[in-house]
Amino acid sequence: MRGGRWRRIASQVGRSVTVWAVSTLTMLVLAGLLPDFRLQSPDGESATHIAVTAAVGAGAFGLLSALVWPLLVRLLLLVPALVLGLLVFVLNGSLLLVALRLNPASSAEAAPETAVVVAAVMSAVASATGAALAVRDDDAYRRRLYRLSDRRRRKGPPGPTTPGTVFLQLDGVGHDVLVAAAAKGLMPTVARWLESTHRLTPWRTDWSSQTGASQLGILHGSNHDIPAFRWYEKDTREVMVCNRPTSAAELQRRAVERTGDGGLLTADGASRGNLFSGGADEQALVLSIATRRRGRENRSRAGYFAYFSDPANAVRTAMSFVAEVGREIGQSTRSRFRKQRPRVARGGLYPLVRAFATVVERDVVVAAVMGDLLAGRTAVYADLVAYDEVAHHSGPMSRDAEKVLERLDRALALIANVAEHAPRPYRIVVLSDHGQSPGETFRSRYGLGLGELVRAGCG
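Under my numbering, think of the first position of the sequence shown as -14, with each following residue one higher.
Don't read these hints as lab results, they were simulated from the structure.
Keep in mind that the hints are not guaranteed to be accurate.
Okay, derived cross-link-like pairs now, DSSO-like style, lysine-lysine, Cα gap no bigger than 30 Å in a straight line [stated by the list, open to error]:
1) LYS324 with LYS388
2) LYS388 with LYS219
3) LYS169 with LYS324
Simulated restraints on C-beta separations [what the hints assert, rightly or not]:
4) ASP161 with THR251: 27 to 37 Å
5) THR221 with PRO410: 39 to 49 Å
6) LEU337 with ARG430: 22 to 32 Å
7) SER181 with VAL338: 33 to 43 Å
8) THR426 with SER181: 33 to 43 Å
9) ARG440 with ALA252: 30 to 40 Å
10) HIS183 with THR244: 56 to 66 Å
11) THR318 with LYS169: 23 to 33 Å
12) THR146 with SER429: 53 to 63 Å
13) ARG321 with PRO148: 46 to 56 Å
For every residue, glycine included, the Cβ atom is placed at its ideal position computed from N, Cα and C.
Sequences and hints are given; from them, build the entire structure.
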């Protein structure tokens, strides 16, 4: 507990220092652009003195905004809205003028109308920077969700007392990989569950060890006649690919027809990030409905548009996306220099594909699941594909894949914390659709592709 408190304090101090530095830089840029705003005397001053003046001014403006502004807002509550809107800019500019005067050693000054502009720009930049840093903090994000759940609880009827179920699929994570990750401390949430509330059970897939066959069996009760991830059907003369929207829709239709049942999630369920819907009414990032015309039956408020309509979410995910692209480029470069084997090509668009799977898909799915918990839905099934994507290219036991497991564990902890504030109790089931085995590709091992070998054998 004590270590966590100090980490939170250090995080808050770091955010404050960063916002201060960005505000200082913003003030310097505005002083160079606006003729009626300067940070030096007409005779000129050293660059160091100007920088110190900007730092002191930005810091004083930030402190005044934090300390004085809430009091001013309370005093102006009775002012009509239109007048208050105009006063906001005037008062903000006044605070900047006061901040510039607090440093007696500086010659900084600004015309009143320019001060209003400078204060507005600095406030916007500081707010955006603070939001960008805060939304990357899961604690801050969780507190926002708690406030939302408390608001919903006060307004809505009491939730059911029967427990709901959340199925969290860690795509491609094998039994041995999960055990090793928990033992190494990479997944403390999973390790804590295994010591207290959960038990770990291995299982074996069918001949087709891949997401399409496994997930269709889990969600729709049948994976009949799915021999592989990709195959050619002679009767229809089509190539079926499990992660192709048209193929996924057809496979789901066949499973429903064979079982006579809509799926695991037909009773007040939600399907998030899956290949198949499971019969859920609420669906987001579900491949089997991607080709349908958007309508009531496949409309979801928890998809991309709902997630990115919140600017905080957009900033959080965009920053993480860029960081993940840089991380993949660095890791793939290191792998080539070390001549690690086996190794597959990781250039082209793959850094963007990986960033989408490990950041965008994860953030949207986790946010959707948390929304489902706060809404009290009966059954939720979500697929987190981050590990599977990285392990296919870096190896199932690689350092790159282990880092992804750490981030997935934090996502599990976030969902579990939100479940504690849901309107009904929840059972959390963590499962996987298949595992992975390290090995070289056919082309890397033998110098030619399997298709080339077959063509050569056929003359």
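The hints, checked one at a time:
no.	hint	result
1	LYS324 with LYS388	holds, 20 Å
2	LYS388 with LYS219	violated, 43 Å
3	LYS169 with LYS324	holds, 26 Å
4	ASP161 with THR251: 27 to 37 Å	holds, 34 Å
5	THR221 with PRO410: 39 to 49 Å	holds, 46 Å
6	LEU337 with ARG430: 22 to 32 Å	holds, 28 Å
7	SER181 with VAL338: 33 to 43 Å	holds, 37 Å
8	THR426 with SER181: 33 to 43 Å	holds, 41 Å
9	ARG440 with ALA252: 30 to 40 Å	violated, 51 Å
10	HIS183 with THR244: 56 to 66 Å	violated, 29 Å
11	THR318 with LYS169: 23 to 33 Å	holds, 25 Å
12	THR146 with SER429: 53 to 63 Å	holds, 56 Å
13	ARG321 with PRO148: 46 to 56 Å	holds, 49 Å
Checked against the numbered hints above, the structure violates hints 2, 9, 10; every other hint is satisfied.
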